[in-house]
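Engineer: Sequence:
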Amino acid sequence: MPPNYPSTFTPSQLQARACQWVGISLISLFLINLISSFLPPQLLNPDWQLKLVGTLIDNGAYPLLGLLLVLLASSQNPDDPSLQKRQLRWRALACWVSLAYLLLIPLIGMACYLGLNQASNILRRENLSAQQTIVVLRGVIQQSKSMPELQARLRQTQAPTLPPDATSIPLGDLKSQLLRSLQVNETNLKNNLRQPIYNRFLPLLQRAWRNMLSSVVLAVGFAAVALPRGSSRSQLMGWATSLNRFNHLGSEWLSMGRAWSETSRKRRDTAKRMQKHLDSRREAEREPSGKSSKKLWP
Numbered sequence: 021m022p023p024n025y026p027s028t029f030t031p032s033q034l035q036a037r038a039c040q041w042v043g044i045s046l047i048s049l050f051l052i053n054l055i056s057s058f059l060p061p062q063l064l065n066p067d068w069q070l071k072l073v074g075t076l077i078d079n080g081a082y083p084l085l086g087l088l089l090v091l092l093a094s095s096q097n098p099d100d101p102s103l104q105k106r107q108l109r110w111r112a113l114a115c116w117v118s119l120a121y122l123l124l125i126p127l128i129g130m131a132c133y134l135g136l137n138q139a140s141n142i143l144r145r146e147n148l149s150a151q152q153t154i155v156v157l158r159g160v161i162q163q164s165k166s167m168p169e170l171q172a173r174l175r176q177t178q179a180p181t182l183p184p185d186a187t188s189i190p191l192g193d194l195k196s197q198l199l200r201s202l203q204v205n206e207t208n209l210k211n212n213l214r215q216p217i218y219n220r221f222l223p224l225l226q227r228a229w230r231n232m233l234s235s236v237v238l239a240v241g242f243a244a245v246a247l248p249r250g251s252s253r254s255q256l257m258g259w260a261t262s263l264n265r266f267n268h269l270g271s272e273w274l275s276m277g278r279a280w281s282e283t284s285r286k287r288r289d290t291a292k293r294m295q296k297h298l299d300s301r302r303e304a305e306r307e308p309s310g311k312s313s314k315k316l317w318p
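Each residue of the sequence shown is one higher than the one before, starting from 21 at the first, in the working numbering.
Since the hints were derived computationally from the structure, they do not count as laboratory data.
Below, a list of computed lysine to aspartate or glutamate pairs in the DMTMM-like style, where the Cα atoms sit at most 25 Å apart:
1. Lys210 x Glu146
2. Lys195 x Glu206
3. Lys292 x Glu305
4. Lys165 x Asp193
5. Lys165 x Glu206
6. Lys292 x Glu282
7. Lys292 x Glu303
8. Lys195 x Glu169
9. Lys296 x Glu282
10. Lys286 x Asp299
Please construct the entire structure, taking both the sequences and the accompanying hints into account.
Structural biologist: Following this line, the structure appears as structure tokens:
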């Protein structure tokens, strides 16, 4: 038995309404996630920029699918003028969304570059501070003459406190242990400094590369459903036409370049043949004078 629909709506109209509201829900979900990541705005903070970009990429499929459902609803119920106006308005807005996702690519690269520089500067300052702390602690340990003096100086430098059983260890042995521990920490710190800075932020670079590729994919997806105002072709079809024209123009320029190169080669070959012919004539003109000189001077 088929389901009973209200007498005022046909099954296609009910499906169109369902697709429309599901599409609106998906777009609303995207906007909620975007606003939560946008606030509070920190436009000059690379971490905030990368977080916002990540939200746009990770949730970009929601508005794309929502827009597609609205488009499907309009095709199922073409007699609804409000639905037709809505889908045309949103498809025109999708043109700008597609361009915005393309513009995310240089933004991701710039934010990643600034974030790496900022993180590397912070890391260098922390390493420099750690080295200075090691030098100060080494001096404190070497200059201390007694256990109370060592403990007092360590408290002044805000260094970690000695273990409870430290008082049972002779002062010389304790100082030797502390100095060896500082030497190990200093060696590890120097080894960390020798490592390439980009190896430490490899996950960040991988995520940036993934976001760039995802931006291209989402831009193509939005361009496929985007419809510029007054146009009967999607934005993606317009891009394809422009790309074909560019390829055709490039082929023409390439053909012209090849023709110019071939003409230049022929000119060089002709000039070489003429020069060779002139050299031969000059050589032939010199031969009689050479023979007469041989007869005069046997």
